[in-house]
Amino acid sequence: MDWIFLSELAINGALTGLLYSLFAIGLVLIYKASSVPNLAQGGLTMLGAYVVVALSHDAGLPLWLAIPLAALFMFALGFGIERVALRRLAGRPVVMILMLTLGLDIFLRGTTLAIWGGTSRSMELGVSYDPLFLGDIFISRIHLVGAAVAIGLFVAFMLFFRSRTGIKLRAIADDYTASWSVGISVERGVGLSWALASVVAVAAGVIWGEVQGVDQSLSLLLLKGLTVAVLGGLDSILGAVIAGIILGIIENVGADFIDPLVGGGSRELIVAAVLILTVMIRPHGLFGRHDIERV
Amino acid sequence: MQDKAEAQPILSMNSVEVLYDNVMLAIKGVSVQVPKGEMIALLGSNGAGKSTTLKAISGLLKAERGRISRGEIKFEGEDITDALAQNRVQKGICHVIEGRRVFEHLSPDENLTAAAPTGMSRSTLNAEKEKIYAYFPRLAERRNSQAGYLSGGEQQMLAIGRALVTQPKLLMLDEPSLGLAPFLVAEIFGILQKINKEEGMSVLLVEQNALAALEIVSEGYLIENGRVVMNGTAEALKSNSDIQEFYLGGGEGTDFHNVKHYSRRKRWLS
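Going line by line, the protein sequences match chains V and W. Residue numbers for the first sequence, in numbering that gives the first Met the number 0: 0 to 294. Residue numbers for the second sequence, in numbering that gives the first Met the number 0: 0 to 269.
Don't take each hint at face value.
Stated by the list, open to error - Label-pair distances were calculated between CB atoms; the ranges are:
| hint | chain 1 | residue 1 | chain 2 | residue 2 | range |
| --- | --- | --- | --- | --- | --- |
| 1 | V | R87 | W | E75 | 27 to 37 Å |
| 2 | W | S150 | V | F159 | 40 to 50 Å |
| 3 | V | V154 | W | T117 | 19 to 29 Å |
| 4 | W | N224 | V | A271 | 50 to 60 Å |
| 5 | W | S150 | V | R82 | 36 to 46 Å |
| 6 | W | K61 | V | G125 | 16 to 26 Å |
Everything labelled a hint here was simulated from the structure, so no lab data went into it. Predicted model only: the values in this text are computed from it and were never measured. The C-beta atom is built at its ideal place from N, Cα and C for all residues, glycine as well.
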């Protein structure tokens, strides 16, 4: 057994996993405030990446300005989505809202295709592609940057959900009617959660855009992001971070063992197996809140 | 008594009709006045329209696709018939909804924080919390546990405490006694009376437990089939023979068969 190679796989797997977490935090934010899984998070991430590319490469702005501007735009867009689409559906069955987010994802994919075409564009963050050596272990720099961003966002949102506004958002997720009854603006709360998730989408879009290029395939991150969010428990930010690390390691190490046996492609299988097994064995994930039933 | 009834009521609801889904008429011209600083009860059996009346006042009809199709509601002389629920809370109406409905995954302390009006300073919020914990010492003991695991009585106390954080002038409660042991009902009603006296808070209480309610309110309305069929002082209602027969268990103390039957019916009616 080559321990150095194995730990290299594990460390890079964990870093990739944290990039999944970066994406999954957006899902968790919306779920935490409205109990709806947002199937458009992939579309939002892709749009976030495109907006940054458009501002930096097409409009010629420096990245340090383009990224905050894109975040601001996406923040407003998140609020807009609630105002235009979700508000009408308040009180309807969750499956309706789910379908709406799916429709939104398709809409975003179509829109970016129409505006920017289908060819992959590069983000050009300026992070060196030279690997970093930790002893004998290779580590990708961009993954390290992405993991740091994920952990930064994790800390920020942990603090946020203890603040008064954050507590109100958690209250909304618990009970819409009770929230209305004490004067919480459910509409504004849901809007805020979408706005924040859209900002997270910019962060995820920038990092993933740098890793795999900016095109419509960024929206497919939803599958891995959703797996991480479900494994973590859908409403737990800590869960999203830890589940991301776990999934990343299982995927990277597992694929290395299984790929030679089946001739490749086992990554997707591992992710699918994790998602299915989580739902079957532990539907609330690692850290998800349980429905409380008192007898 | 006479003077108070003649003063301007804090809440006046005039001939209000409520439609659900644009077809189902739930209340048909209900008029209710709450004099400032008084405790008023809405009595009646299940499906009579008591909860709908409260929702019309608090603006929670929208969540159930109901709307006020006729009539008007005035709070402190101001028309609030079409106001948003959150604006009514700001003006001072808070509705403790039926079934307790605390924020289960939050702690009692966070439940109180969640209800704090935007712009309430941290020190005011803490003072409010301490006041509420003083009214409900049981909550103080469990302030950091998970609200979903509190007992029924504690959850009802938390639901009332959560409403008090909004600093209401009119507190409306929907069946606070539902599913609680008689000694808890007495405890909670005692605290309501205390709050009413100490803070001068007006209270509108919806109850099926007419016997308990008529002990603490000054005036009551009896609602049947979406209409007010009787209105009078608590004393007058208690001595009315129809009320005694149908709502107080024949005037021979509490008839628990009757009470039990009503709460069982509720499950499929509402």
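Outcome of the hint check:
| no. | hint | in the structure |
| --- | --- | --- |
| 1 | V:R87 x W:E75: 27 to 37 Å | 32 Å, holds |
| 2 | W:S150 x V:F159: 40 to 50 Å | 32 Å, violated |
| 3 | V:V154 x W:T117: 19 to 29 Å | 25 Å, holds |
| 4 | W:N224 x V:A271: 50 to 60 Å | 57 Å, holds |
| 5 | W:S150 x V:R82: 36 to 46 Å | 41 Å, holds |
| 6 | W:K61 x V:G125: 16 to 26 Å | 51 Å, violated |
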